[in-house]
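Visitor: Sequence:
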Amino acid sequence: EALELFRPDFISRSQGRVRKMEQRAMRFRALRRAEPDSRRLEKTCKRKRNCTTPDPLSGRLNKKI
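Start counting the sequence shown at 16; every next residue gets the next number (my numbering).
Honestly, the hints are just simulated from the structure, not real lab data. Be careful, since some hints might not be right.
[To be verified] Derived Cβ-Cβ restraints for the label pairs, each shown as a range: (1) E50 x F21: 44 to 54 Å; (2) E50 x E16: 29 to 39 Å; (3) A40 x E19: 18 to 28 Å; (4) R47 x L20: 38 to 48 Å; (5) E37 x A17: 22 to 32 Å; (6) R39 x L18: 16 to 26 Å; (7) E16 x Q38: 26 to 36 Å.
All C-beta atoms, glycine included, are put in the ideal place defined by N, C-alpha and C.
Make the full structure from the sequences, and use the hints.
Guide: Here it is in structure tokens:
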């Protein structure tokens, strides 16, 4: 109530920020719905690290003689 009386500009700016965030969330959801499943899988595969497969001979280096 005090903000309503003394700082109405603060409230209006806050409401504007909330509206912008809601619009961003709606756009994000719409893009995800429009995106085909295969593209989603493709993106998750790209995120994975490309690790090299270990050489079977390299295991000998760690063993004690």
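Visitor: Each hint: holds or not?
Guide: Evaluated hints:
Between E50 and F21 the beta carbons are some 46 Å apart, a value that agrees with the proposed interval 44 to 54 Å. Checked against the hint of 29 to 39 Å, the C-beta distance between E50 and E16 comes to roughly 45 Å, which is inconsistent with it. A C-beta distance of roughly 27 Å is found between A40 and E19, which places it inside the suggested range of 18 to 28 Å. R47 and L20 have their C-beta atoms about 42 Å apart, which keeps the hinted 38 to 48 Å range intact.
For the hinted restraint 22 to 32 Å between E37 and A17, the CB-CB distance of approximately 26 Å keeps it satisfied. A hinted range of 16 to 26 Å for the beta carbons of R39 and L18 is consistent with their spacing of about 25 Å. Between E16 and Q38 the Cβ separation comes to about 28 Å, which falls inside the hinted range of 26 to 36 Å.
Going down the numbered hints, you'll see the structure goes against just number 2.
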